[in-house]
Each structure stands twice: as structure tokens, then as C-alpha cells.
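Novice: Sequence:
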Amino acid sequence: MVVKHSIKKRVLPKKNPSDKTKKSSSKAKKPAKAQVQVQETVKKSLRPADEVVTYQEIEYELAEIPAQGSKVLIGPPWLTRFERARITGSRSLQLSLGAPPLIKVPQGATSSIALAVQEIEKKALPISIRRILPNGQYQDIPTDWMR
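Position 65 of the sequence shown, counting from 1, maps to 1244 under my numbering, and the rest follow consecutively.
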């Protein structure tokens, strides 16, 4: 079954050449900062202006959650697949560039990726994961705390 989607192209209004020759008066009001930001967003978007939703950016300061023993307070108590992939990739790059392995190299390890996976499984890496909450609180979790 083939599904075809129609693509509607938005036609931009043509600019009058007389608009370029007009000079803006010095008494003209400058648009508010929020309006300028919305206008810039609208210019970047292909959607009509009434469909574009923008949110104010919330600024916060990072605050570390104090450790309670070796308990993981943010997120699951194991490495997520994304964390595991990031650590595996960076460690295999280090190994391929000549870094010494932190475990005895097994017979079946034919690549730096396999060796990096073995190091993660044996919890031999001195790496910490920083998990950040949307409110700015974070916890640095060493990989040996993970299950």
C-alpha cells in the first residue's frame, strides 16, 4: 500500500520595490524583544505565523543533589542505552588511539568496541554520569554504582 502526501507550498507575499526606498522615521516604535523573537522564529519556520508556538526560555542555576551513600536518586539505577552507547563510543575511540585497556584483554575481543563493552560490563571505567533534571538539579553518578 502506497500513501502519497500532498505538499502545499506556502506562497510568500511579494515585496513592493517602493518599500525599499522608504526610510523609517526615527520616531517609529521599536517592537518589543518578545515580538522580535517571535518574528525571527516565524521567519525561520515554514509554518504560518499563527501556528508557531514559542516558549520563554527558563534560566536556572545548576544545583547538585547531595549523595545518599551510593544510591542513584535521578533516573533508573542502571545505565540507559544512550549512556551505554555514549560511553562505549568514547572509550572505544580512546582505545583505538592507543589508550591502555583497564582490564585484561579477552581472547574474543577483536575490536576496540568489544573491549570497551567488556570494560563497561566489568565496571572498570572511572567515569561518572551526570543526570540533570529540568529544574537544574543534577547528580553525578559513578558507573560502579550502577547495576
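Hints may be right or wrong, so weigh each one.
Claimed, not checked - Quick list of simulated restraints, FRET-style, between CB atoms: (1) 1233 <-> 1275: 39 to 45 Å; (2) 1283 <-> 1259: 25 to 31 Å; (3) 1286 <-> 1311: 36 to 42 Å.
As the list claims (entries may be wrong) - The calculated DMTMM-like cross-link candidates involving lysine to aspartate or glutamate, where the alpha carbons are at most 25 Å apart (straight line), are: (4) 1302 <-> 1323; (5) 1301 <-> 1262; (6) 1250 <-> 1236; (7) 1302 <-> 1243; (8) 1250 <-> 1229; (9) 1283 <-> 1300; (10) 1283 <-> 1243; (11) 1250 <-> 1238; (12) 1283 <-> 1238; (13) 1302 <-> 1319; (14) 1302 <-> 1240; (15) 1301 <-> 1240; (16) 1301 <-> 1319.
These are computed hints drawn from the structure, not numbers from a lab.
Idealized CB from N, CA, C, for every residue including glycine.
Novice: Can you let me know if the beta-carbon spacing of residue 1283 and residue 1259 is within 25 to 31 Å?
Specialist: 28 Å, holds
Novice: Please verify whether residue 1301 and residue 1240 have alpha carbons no more than 25 Å apart.
Specialist: 35 Å, violated
Novice: If you draw a straight line from the CA of residue 1301 to the CA of residue 1319, is it 25 Å or shorter?
Specialist: 20 Å, holds
Novice: Take the C-alpha atoms of residue 1250 and residue 1236, compute the straight-line distance between them, and say whether it is at most 25 Å.
Specialist: 32 Å, violated
Novice: Would the hint linking residue 1302 and residue 1323 be met if the CA-CA limit is 25 Å?
Specialist: 6 Å, holds
Novice: Decide if the proposed pair is consistent with the structure: residue 1250 and residue 1229, CA atoms, cutoff 25 Å inclusive.
Specialist: Violated. Residue 1250 to residue 1229 sits at ~47 Å, over the 25 Å cutoff.
Novice: Does the structure keep residue 1283 and residue 1300 at a Cα separation of 25 Å or less?
Specialist: 13 Å, holds
Novice: Starting from residue 1250, check that the Cα of residue 1238 is at most 25 Å away, please.
Specialist: 28 Å, violated
Novice: Given the hinted pair residue 1302 and residue 1319, is their Cα-Cα distance within 25 Å?
Specialist: Holds, at roughly 16 Å.
Novice: Quick check on a hinted range of 36 to 42 Å for residue 1286 and residue 1311, using CB atoms only.
Specialist: 40 Å, holds
Novice: Evaluate the given range 39 to 45 Å for the C-beta pair formed by residue 1233 and residue 1275.
Specialist: 43 Å, holds
Novice: Taking only the CA atoms, is the gap from residue 1283 to residue 1243 under or equal to 25 Å?
Specialist: With Cα atoms ~35 Å apart, residue 1283 and residue 1243 exceed 25 Å; violated.
Violated hints for the displayed structure, listed by number in ascending order: 6, 8, 10, 11, 12, 14, 15.
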